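*Asks:* Residues per chain are reported as follows:
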Amino acid sequence: MTDIALADLAAALGLELVGDGAIRIRRPAHPAEAGPDDLAVAMDRRYGDALSAGRARAAILWPGADPAEHGLDAALLAPRPRYAMAGLTAHFAPPTEAAPGVHPSAVIDPSAELGRAASVGPLAVIGPGARVGAGAVVLAHASLGAQAEIGSGTVLHSGARVGARCRLGARVLVHPNAVIGADGFSFTTAEPGAVEAAKARGAVDTPSDAGHVRIHSLGAVAIGDDVEIGAGATIDRGTLRDTVVGAGTKIDNQVQVGHNVRIGRDCLICAQVGLAGSAEIGDRVVLGGKVGVADNIRIGEDSVVAGASAVGSHVPARSVMMGVPAMPRDRFRRLHMALGRLPRMMERLAAAEPGKP
Amino acid sequence: MTDIALADLAAALGLELVGDGAIRIRRPAHPAEAGPDDLAVAMDRRYGDALSAGRARAAILWPGADPAEHGLDAALLAPRPRYAMAGLTAHFAPPTEAAPGVHPSAVIDPSAELGRAASVGPLAVIGPGARVGAGAVVLAHASLGAQAEIGSGTVLHSGARVGARCRLGARVLVHPNAVIGADGFSFTTAEPGAVEAAKARGAVDTPSDAGHVRIHSLGAVAIGDDVEIGAGATIDRGTLRDTVVGAGTKIDNQVQVGHNVRIGRDCLICAQVGLAGSAEIGDRVVLGGKVGVADNIRIGEDSVVAGASAVGSHVPARSVMMGVPAMPRDRFRRLHMALGRLPRMMERLAAAEPGKP
Amino acid sequence: MTDIALADLAAALGLELVGDGAIRIRRPAHPAEAGPDDLAVAMDRRYGDALSAGRARAAILWPGADPAEHGLDAALLAPRPRYAMAGLTAHFAPPTEAAPGVHPSAVIDPSAELGRAASVGPLAVIGPGARVGAGAVVLAHASLGAQAEIGSGTVLHSGARVGARCRLGARVLVHPNAVIGADGFSFTTAEPGAVEAAKARGAVDTPSDAGHVRIHSLGAVAIGDDVEIGAGATIDRGTLRDTVVGAGTKIDNQVQVGHNVRIGRDCLICAQVGLAGSAEIGDRVVLGGKVGVADNIRIGEDSVVAGASAVGSHVPARSVMMGVPAMPRDRFRRLHMALGRLPRMMERLAAAEPGKP
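Chains A, B and C supply the protein sequences, listed in that same order.
If you read the first sequence in the working numbering, its first letter stands for residue 1, the second for the next number, and so on.
If you read the second sequence in the working numbering, its first letter stands for residue 1, the second for the next number, and so on.
If you read the third sequence in the working numbering, its first letter stands for residue 1, the second for the next number, and so on.
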């Protein structure tokens, strides 16, 4: 968070420097808001006007841009803007809000193990037999259940809950109020119930009057290295085995992961996605915001499902899916376009068939 | 959690035993992962190969199965697999992670009443006049508001919030970070606003510039016996009366229940369902994941609504509904099939009418 | 919460009184449940029968109603029922559950500043350099991060999280377990990934094997005066600038607001709405429950989007939108009606073309 010479920043990010590398940079900023000590971030030509309106002396620009043309003394040139943003924001990101050591108000069971340089914030709770890895951080009001385990460098943000016996790898980020390891939602009845009737016969002709009996969750949740779990997300335990999230997978806010779900490596699961029980998501799958996946459905690796789609049947690898219910994107577009032309076609047909409704 | 002889387990679950009942079982397990002390769970023929690959000596199988054929010394036979799972997992479920008594770090108002054998975990908060039933458990970081009440055997998991004056019955399970008794979302304006204009005339021709005025929630939330409320679920208070959840109803993670909603008994409300204000859900209704129900809508008893549907008009009892907007399942399928054939039909018509667009 | 003479209540609410103004009112109540000390709330003729069945002596009725006809001694007449409800419920709303002063179990950094008459509840956490406005209330288990700031009269309900450097205006209500200021969900890869391939070519032909690299959130969240944030809602920080919520905007439970989003003034954002990164929502926009808005999409001022719609392209001001994907309401209705007639039309065409599939 201290300032840095533009030439040093160029070297750190592996970007081409044009102009005065001695300019010192305090922080990156939106071009319209950037002051003389800021690096204006304008990696697309459409920000040109905003740049001229701002007061920055230096900017990060698109390849081939000329800083002088925008009234700048220097620039970094970024051939792949989002990747440059990753490096740039990593350089200037504030450290996690964690004081070293254990806050005196935290409640830590004597049988818990804390790794070297772990940090436990105010009013956090660490249960019996729990293990906190080296350099891991448990922030205010977070809780780690009995025999649960978090790896080195993992961060539990404020109010995050990790249930008993769940295991998180290294460098996992669990955002505020996320819940890992709640019980699965799994019930049955002594006699066949309404859902079974509806599935079998399409009608509810034999309403069950029996109450729901609970299927308990004996498994836990196992999360690989370098995973993120968004604020308010919930991941349920498995019934007999663990619910699994593969290494490198990023899960956004308010995502729901049901019991027994298995998510592969390096997936992107956007906000408010819901994965019903026993769904299987392959490696590198991308699910857009609000996607729903029905229980026991498999989505093959490298598939992409557009936001707001509902997946009700298996999806082969490398598919691009869209719609409610989800179908291949090309088919969705064809149907949607045909539907758009339908009212006019019906009018034409009606005109050709006078007297018909 | 100690081991049990297979014969005793058969008796406890009411299942037929075939083979050596003296084998001692430590836990149920997935057939591929089951060791010699585990009971492999394989109640469907498709698990046959996994069984042969595992090391289990005993399994729970489908009716008519022969344990010897799968290299087993004994088996339980389950005519209704999910019901057997309920009994089996209940037998082996670990106890709630609650130490007896009141943790010294909990903050309990002197005017609160704790029932016999109630347990209050670290850093929990119990407000003035609140009542905790016999054997009830309030886990770490959970809070119970002023004059709120939970029945005997009810469990508030970590971070669960129960607002002032809300009342929960016996044996209710409130999962981590669920919120019962937030204020309803109810606003008005001094003059008619955009929504009223849109509903009345389909256009927003008189934008209101008045601010929103709050309608306060004077009611609370009343929850019957044997209800479950999932992790991160939210249930708002009523305006004049209580919002109500009937006995035996199970609510999954991240479900939103608006103000004045009345949910009947023994319903299943799957994850991420949203019930807008004053919706009424009859007894034994099943709502699939992500279903939305508009405000003031009634869904009749024993109805089933498929996941990802949006219900915008009243639903008669015993209906099976699907779609956005939701319609009877048979109609949905008919329309969906017709839509699928539409592009080809349009091509045929275009071919028959050369020169028309 | 003490009782009030009906004549005084009429004066306070600016409503016409008919009959005995000396009757003392203890609380407003549903007409069927109202006792002799209650004010039955029956501002629509359809409550007439419920009124007659109840035991109320006074009611709030529709304009022109005659209290005697319903067995009442007096009535207030409300020309705009919901607006009358706002005044009525405000009068009888219980005060926030906050004791004056700072609870001894709260953990407050010595560098934090508390305004005059601020209240901090049990086990709340206030971080270094944080500022709490005059009369603001931080309830049990809520947390306020380093250098964060809440204005005068603002209330953080139980378990609410406000991250470092976030700024909330005056009279903001943050409901239980809401999260303001989690990190944005923003990742990239060194080489183009599956989403880019899918967008460009509609197929995932070059699966990336590179891991996701994080774009950090250097911005915070800025929230105007008189905003409400619902239970379990999540609002992420911006990348370079703050994520912004304009004054007077009301956000319901379980709403997700992505990084860099800008929401205008006086909007109503209903439950479970999801706004993807960099979406821009104009002033006075109303988004129904479960609406999704894709990233970088703009919705013009005074627009209304019906519940369960998915907005994937820009929306002009004053639009009324509906559907997945969202389209103008009239167009949605026309398409939906045409689709409903499609199966029968196909049958007719098939009958006219024997031999064709």
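For the record, the hints were derived by calculation from the structure and aren't laboratory data.
One thing to keep in mind: the hints can contain errors.
[What the hints assert, rightly or not] With the C-beta cut set under 10 Å, the calculated list includes, among others, these residues of chain B facing chain C:
{"id": "1", "residue": "Arg82"}
{"id": "2", "residue": "Tyr83"}
{"id": "3", "residue": "Gly159"}
{"id": "4", "residue": "Val204"}
{"id": "5", "residue": "Thr239"}
{"id": "6", "residue": "Ser309"}
{"id": "7", "residue": "Ala310"}
{"id": "8", "residue": "Gly312"}
{"id": "9", "residue": "Ser313"}
{"id": "10", "residue": "Glu347"}
{"id": "11", "residue": "Leu349"}
{"id": "12", "residue": "Ala350"}
{"id": "13", "residue": "Ala352"}
[Unchecked claim] Residues of chain B clear of chain C, computed beta-carbon distances all greater than 12 Å:
{"id": "14", "residue": "Gly21"}
{"id": "15", "residue": "Arg80"}
{"id": "16", "residue": "Ala182"}
Computed from a prediction, not measured in an experiment: that's the story for all the values here.
Note that beta-carbon positions come from the ideal geometry of N, C-alpha and C, so glycine has one too.
*Asks:* Now tell me if each hint is right for this structure.
*Replies:* Now for the hints, and whether the structure bears them out:
1. At its closest, the beta carbon of Arg82/B sits 29 Å from a beta carbon of chain C; the interface hint therefore is violated under the 10 Å criterion.
2. This hint is violated: Tyr83/B has a C-beta 33 Å from the nearest C-beta of chain C, more than the 10 Å allowed.
3. Of the supplied interface hints, the one on Gly159/B holds, with its beta-carbon coming within about 6 Å of a beta-carbon of chain C, less than 10 Å.
4. Interface hint status for Val204/B: upheld, as the beta-carbon distance to the closest one in chain C is roughly 4 Å, under 10 Å.
5. Given hint, Thr239/B at the interface with chain C, holds; its Cβ is 7 Å from that chain's nearest Cβ, closer than 10 Å.
6. Given the 10 Å rule on beta carbons, the hint for Ser309/B holds: about 9 Å separates it from the nearest Cβ of chain C.
7. Annotation: Ala310/B was flagged as interfacial toward chain C, and the flag holds, the nearest CB pair being 4 Å apart, inside 10 Å.
8. Checking Gly312/B against chain C: minimum C-beta separation of about 8 Å stays under 10 Å; hint holds.
9. Here the hint on Ser313/B is broken, as its CB sits about 13 Å from the closest CB of chain C, past 10 Å.
10. At a threshold of 10 Å, the smallest CB-CB gap from Glu347/B to chain C is about 12 Å, leaving the interface hint violated.
11. Interface hint at Leu349/B: satisfied, since its Cβ lies 8 Å from the closest Cβ of chain C, which is below the 10 Å cut-off.
12. Nearest Cβ of chain C to the Cβ of Ala350/B: about 13 Å, over the 10 Å cut. The hint is violated.
13. Restraint check, Ala352/B versus chain C: the minimum CB separation of about 9 Å is within 10 Å; hint holds.
14. Annotated as non-interface, Gly21/B keeps its C-beta farther than 12 Å from every C-beta of chain C; the closest such distance is 49 Å.
15. Its beta-carbon lying about 35 Å from the closest one in chain C, Arg80/B satisfies the requirement of being farther than 12 Å from that chain.
16. The Cβ of Ala182/B does not lie farther than 12 Å from every Cβ of chain C; its closest approach is about 4 Å, which violates its non-interface assignment.
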